[in-house]
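*Asks:* Sequence:
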Amino acid sequence: MSDFLRTVNVTRYISPLREGGSLPALVDADDDFKYVLKFKGAGHGVKALISEFLGGEIARMLGFKVPELVFINLDEDFGRSEADEEIQDLLRASHGLNLGLHFLSGAITFDPVVTKVDEETASRIVWLDAFITNIDRTFRNTNMLIWKKELWLIDHGASFYFHHTWENWEKTAQSNFTYVKDHVLLPQAAKMDEADAFAHSRLTQEKLNELVDALPESWLEWEDLEATPDEIRMVYKRFLTIRLDHSQQFVNEAKNARNVFI
1 MSDFLRTVNV TRYISPLREG GSLPALVDAD DDFKYVLKFK GAGHGVKALI SEFLGGEIAR
61 MLGFKVPELV FINLDEDFGR SEADEEIQDL LRASHGLNLG LHFLSGAITF DPVVTKVDEE
121 TASRIVWLDA FITNIDRTFR NTNMLIWKKE LWLIDHGASF YFHHTWENWE KTAQSNFTYV
181 KDHVLLPQAA KMDEADAFAH SRLTQEKLNE LVDALPESWL EWEDLEATPD EIRMVYKRFL
241 TIRLDHSQQF VNEAKNARNV FI
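Residue numbers (full-length UniProt numbering): 1 to 262.
Hints in this document: simulated from the structure, not taken from any laboratory.
Glycine is no exception: its CB is placed at the ideal position from the N, C-alpha and C atoms.
Taking lysine-lysine pairs in the BS3-like style, the calculated list, with each CA pair at most 25 Å apart, reads:
id : residue 1 : residue 2
1  : Lys181    : Lys116
2  : Lys47     : Lys171
3  : Lys181    : Lys255
With beta-carbon atoms standing in for the labels, derived distance ranges:
id : residue 1 : residue 2 : range
4  : Trp166    : His246    : 17 to 23 Å
5  : Arg12     : Lys207    : 33 to 39 Å
6  : Ala107    : Arg140    : 15 to 21 Å
7  : Asp118    : Ser15     : 32 to 38 Å
Using the sequences and the hints given, assemble the complete structure.
*Replies:* Okay, here's the thing in structure tokens:
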């Protein structure tokens, strides 16, 4: 077990947080904290957890506020008394190691009309999402919270979309990020070159490799791919290295998209 994150155990399922395929839940854990539990048995399975883990921790490396991530165990006996069949099926399919995000009680959803983000911060967030190929920080779903008057980044499960097909991952690593045109903070992202320089000063090969090495073995045993966990880890490492080396590609894409937008 990696010691990169703490590991806790679910003690109580409180409630689902929203409708939809993933159906994350609010739970209590044995450290007396509440967590938003992302289930490996939901939606895109462990790949969404991998995206959440890598995306969230890379955001933290870049200095953003991200709720603490924990590995969170779900015992095989848990949820047998759950009345909702859909939730019971989800719990049954998620026994073992899942991912939890510390619950920010009282946080409110970021509203770009109400809260203005400075150009430096906006540019760094746009850079982050282009780097990890996060398609899901739009006006429709900002995936940011305001908590204690500070901006927090959440929900990176839609990142690294190449791993859902595992085809042409090297090409994706070198590509522009065309989805940046829909980014909620693009209008304020006037300092992309500065954000690029800052990110390169923070993200080293050693740090990125250490992060990928912390992925749990059980999340890397894929039935749809004939590859070992170490081989899968190597692809993630290579993807991040190539993407960082070719960051000017997506930086230019963001700058061009912003020029069209404004």
